Amino acid sequence: MIKYIRNFHKYRNLLYEIVRKNIKLQYRDSVLGIFWTFLQPLMTTIVLVFIFGNVFGKSNTGVVNYPIYLLCGRLLYEFYSQSTKRAMRSIRNSASVIKKVYVPKYVYPLANTISNFVTFLISLTVLVCFIIFFFVTGKNPPHITGYIFLAPIPVFILFLLSIGIGLILCTLDVFFKDVDYLYEVFCLLLFYMTPIVYRMDSLHITNKVFFLILKANPLYSITEMFRCCVLYGRMIDINHLLYSLGFSLLTIIIGLAVFYRKQDKFILHI
Amino acid sequence: MGKPAIVVENMSMMFNLNKEKVDNLKEYFIKFVTNKLHFTEFWALQDINLTVEKGDRVGILGLNGAGKSTLLKVIAGVLKPTKGTVKVTGVIAPMIELGAGFDLNYSGKENIYLYGATMGYSRKFIDKKFDEIVEFSELKEFINVPVKNYSSGMRARLGFAIASAVEPEILILDEVLSVGDAKFRKKSENKIMSMFDKGVTVLFVSHSVEQVLSICNKAIILDHGKIIAQGDAETICEQYNEMVKGK
Chain F
-7 MIKYIRNFHK YRNLLYEIVR KNIKLQYRDS VLGIFWTFLQ PLMTTIVLVF
43 IFGNVFGKSN TGVVNYPIYL LCGRLLYEFY SQSTKRAMRS IRNSASVIKK
93 VYVPKYVYPL ANTISNFVTF LISLTVLVCF IIFFFVTGKN PPHITGYIFL
143 APIPVFILFL LSIGIGLILC TLDVFFKDVD YLYEVFCLLL FYMTPIVYRM
193 DSLHITNKVF FLILKANPLY SITEMFRCCV LYGRMIDINH LLYSLGFSLL
243 TIIIGLAVFY RKQDKFILHI
Chain Y
2 MGKPAIVVEN MSMMFNLNKE KVDNLKEYFI KFVTNKLHFT EFWALQDINL
52 TVEKGDRVGI LGLNGAGKST LLKVIAGVLK PTKGTVKVTG VIAPMIELGA
102 GFDLNYSGKE NIYLYGATMG YSRKFIDKKF DEIVEFSELK EFINVPVKNY
152 SSGMRARLGF AIASAVEPEI LILDEVLSVG DAKFRKKSEN KIMSMFDKGV
202 TVLFVSHSVE QVLSICNKAI ILDHGKIIAQ GDAETICEQY NEMVKGK
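Chains as they are written, first to last, in the numbering used here: chain F, -7 to 262; chain Y, 2 to 248.
Just so you know, the hints here were simulated from the structure itself, not pulled from any lab data.
Bear in mind that the values here come from a model prediction, so they are computed numbers and not experimental data.
Hints may be right or wrong, so weigh each one.
[To be verified] 30 Å max Cα-Cα, derived BS3-like pairs, lysine-lysine: (1) F:Lys257 x Y:Lys81; (2) Y:Lys141 x F:Lys16; (3) Y:Lys129 x Y:Lys227; (4) Y:Lys188 x F:Lys91; (5) F:Lys91 x Y:Lys246; (6) F:Lys77 x Y:Lys149; (7) Y:Lys141 x F:Lys(-5); (8) F:Lys16 x Y:Lys88; (9) Y:Lys55 x F:Lys13; (10) F:Lys(-5) x Y:Lys149; (11) Y:Lys227 x F:Lys16; (12) Y:Lys187 x F:Lys(-5); (13) Y:Lys125 x F:Lys2; (14) F:Lys2 x F:Lys77; (15) F:Lys169 x F:Lys254; (16) F:Lys2 x Y:Lys227; (17) Y:Lys88 x F:Lys(-5); (18) Y:Lys129 x F:Lys2; (19) Y:Lys227 x F:Lys91; (20) F:Lys(-5) x Y:Lys192; (21) Y:Lys187 x F:Lys13; (22) F:Lys2 x Y:Lys27; (23) Y:Lys4 x F:Lys(-5); (24) F:Lys91 x Y:Lys55; (25) F:Lys2 x Y:Lys55; (26) Y:Lys129 x Y:Lys187; (27) F:Lys254 x F:Lys13; (28) F:Lys16 x Y:Lys219; (29) Y:Lys4 x Y:Lys149; (30) Y:Lys4 x Y:Lys84; (31) F:Lys169 x Y:Lys81; (32) Y:Lys187 x Y:Lys149; (33) F:Lys257 x Y:Lys27; (34) F:Lys(-5) x Y:Lys27; (35) F:Lys91 x Y:Lys129; (36) Y:Lys88 x F:Lys2; (37) F:Lys77 x Y:Lys81; (38) Y:Lys187 x F:Lys2; (39) F:Lys257 x F:Lys2.
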């Protein structure tokens, strides 16, 4: 155990350098640079609000403030899907280093999750702007109460979940490249399974099993908790908290176990 | 001196040679069901026993495919041995392939920090070494250019400059002295010589017997994954020359 901690300590700078590199390179060569972390969610949210709020209608009935509702879900989902996808490919993408030099391999999926987390935190400024905008104009302002200070809790749980899933995926991806394509499809499914553009209680589902599957999605509990904090101004549901936290910790444990059992074989497959 | 820097005991390394690489689920499943998942075992290294004292400079000779690079990779910790143990005391700088840790979109300057971190050094430490690295690599005017625009010689120079600047305790050189033009080669040889004076331990792979003779004090010959001879550099080099002639 002490050996692991000492090793982590030695390579923490590598973790930092890779995070830094990912963020710096992501927007290099684009004219607006890091500004895109802010602009991209803003623009896609406008598109989604237009489509699901106006063209298809109805999605927004009964929501306090549909643009903010949608933005919350989209930001969290985007962080989850981007970070897990990046983490999944991280080992393959760093093959040239891993084959030549000894480095603790978990640094790569972890660094990719962290760098996405940093850009996600920057993109949260869009949410702040939205909230301020609706307050100033006075059109359905979100209910902001002291509970907004609980917002870091769901964000942190989502971060844990992404690390765990990232570890599992990158291990699988080394051995089976199919995971790349399958996961892409899965993320699309997840987008519609998570109440991002719609509300869970607006669904008319009679099939109990199907309903249960939808509720078992940890992203559902996490987005609900987040919206409680920044939109509804309510206390977060303790069941959601326990379920999503338990689920995330479980994925981390599974992820670490799978990763450590297989990491010596990585080099033979990449 | 006296305390061994590297101890390799009864170490063997086995690879599975499957005729085709199975890397998708469908193929794996079909082969698993039809029981066609058979591998051919290949022992790249067998029963290697090697002790390298601190300050020793060991040349590793052998024909292509004898397992030289595999041995270096096991010692560097990149590969985990199938059997046996490898114990290393001290910081290793692997120069197995120079510039392997570079990111092509990153500038030379940024890559110095990244590469240093890959070898486990802190940012502060690299800060101190930065000027020395830039000067040695002779890339001052190109240091802010992305590495993708570097020539292969420039990349190798930068890689060598970083790996040698960090003053490792153990240096692994896999035919890296064939880097760059004659002038730079001379310079890098001098650099390595100056590191010897500080008591660095060296593992050196080369096909050139002259280079081994000029650098190493000890040598081993690998053949088909086994050490067939070890001892001081001159006797072993002679033996190797005869072995090559005999074939």
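Quick rundown of the hints versus the structure:
no.: 1; hint: F:Lys257 x Y:Lys81; in the structure: 9 Å, holds
no.: 2; hint: Y:Lys141 x F:Lys16; in the structure: 22 Å, holds
no.: 3; hint: Y:Lys129 x Y:Lys227; in the structure: 42 Å, violated
no.: 4; hint: Y:Lys188 x F:Lys91; in the structure: 28 Å, holds
no.: 5; hint: F:Lys91 x Y:Lys246; in the structure: 34 Å, violated
no.: 6; hint: F:Lys77 x Y:Lys149; in the structure: 25 Å, holds
no.: 7; hint: Y:Lys141 x F:Lys(-5); in the structure: 39 Å, violated
no.: 8; hint: F:Lys16 x Y:Lys88; in the structure: 38 Å, violated
no.: 9; hint: Y:Lys55 x F:Lys13; in the structure: 37 Å, violated
no.: 10; hint: F:Lys(-5) x Y:Lys149; in the structure: 37 Å, violated
no.: 11; hint: Y:Lys227 x F:Lys16; in the structure: 47 Å, violated
no.: 12; hint: Y:Lys187 x F:Lys(-5); in the structure: 40 Å, violated
no.: 13; hint: Y:Lys125 x F:Lys2; in the structure: 13 Å, holds
no.: 14; hint: F:Lys2 x F:Lys77; in the structure: 27 Å, holds
no.: 15; hint: F:Lys169 x F:Lys254; in the structure: 16 Å, holds
no.: 16; hint: F:Lys2 x Y:Lys227; in the structure: 34 Å, violated
no.: 17; hint: Y:Lys88 x F:Lys(-5); in the structure: 14 Å, holds
no.: 18; hint: Y:Lys129 x F:Lys2; in the structure: 18 Å, holds
no.: 19; hint: Y:Lys227 x F:Lys91; in the structure: 23 Å, holds
no.: 20; hint: F:Lys(-5) x Y:Lys192; in the structure: 33 Å, violated
no.: 21; hint: Y:Lys187 x F:Lys13; in the structure: 34 Å, violated
no.: 22; hint: F:Lys2 x Y:Lys27; in the structure: 40 Å, violated
no.: 23; hint: Y:Lys4 x F:Lys(-5); in the structure: 22 Å, holds
no.: 24; hint: F:Lys91 x Y:Lys55; in the structure: 26 Å, holds
no.: 25; hint: F:Lys2 x Y:Lys55; in the structure: 23 Å, holds
no.: 26; hint: Y:Lys129 x Y:Lys187; in the structure: 25 Å, holds
no.: 27; hint: F:Lys254 x F:Lys13; in the structure: 27 Å, holds
no.: 28; hint: F:Lys16 x Y:Lys219; in the structure: 46 Å, violated
no.: 29; hint: Y:Lys4 x Y:Lys149; in the structure: 43 Å, violated
no.: 30; hint: Y:Lys4 x Y:Lys84; in the structure: 24 Å, holds
no.: 31; hint: F:Lys169 x Y:Lys81; in the structure: 23 Å, holds
no.: 32; hint: Y:Lys187 x Y:Lys149; in the structure: 26 Å, holds
no.: 33; hint: F:Lys257 x Y:Lys27; in the structure: 20 Å, holds
no.: 34; hint: F:Lys(-5) x Y:Lys27; in the structure: 39 Å, violated
no.: 35; hint: F:Lys91 x Y:Lys129; in the structure: 28 Å, holds
no.: 36; hint: Y:Lys88 x F:Lys2; in the structure: 18 Å, holds
no.: 37; hint: F:Lys77 x Y:Lys81; in the structure: 28 Å, holds
no.: 38; hint: Y:Lys187 x F:Lys2; in the structure: 33 Å, violated
no.: 39; hint: F:Lys257 x F:Lys2; in the structure: 23 Å, holds
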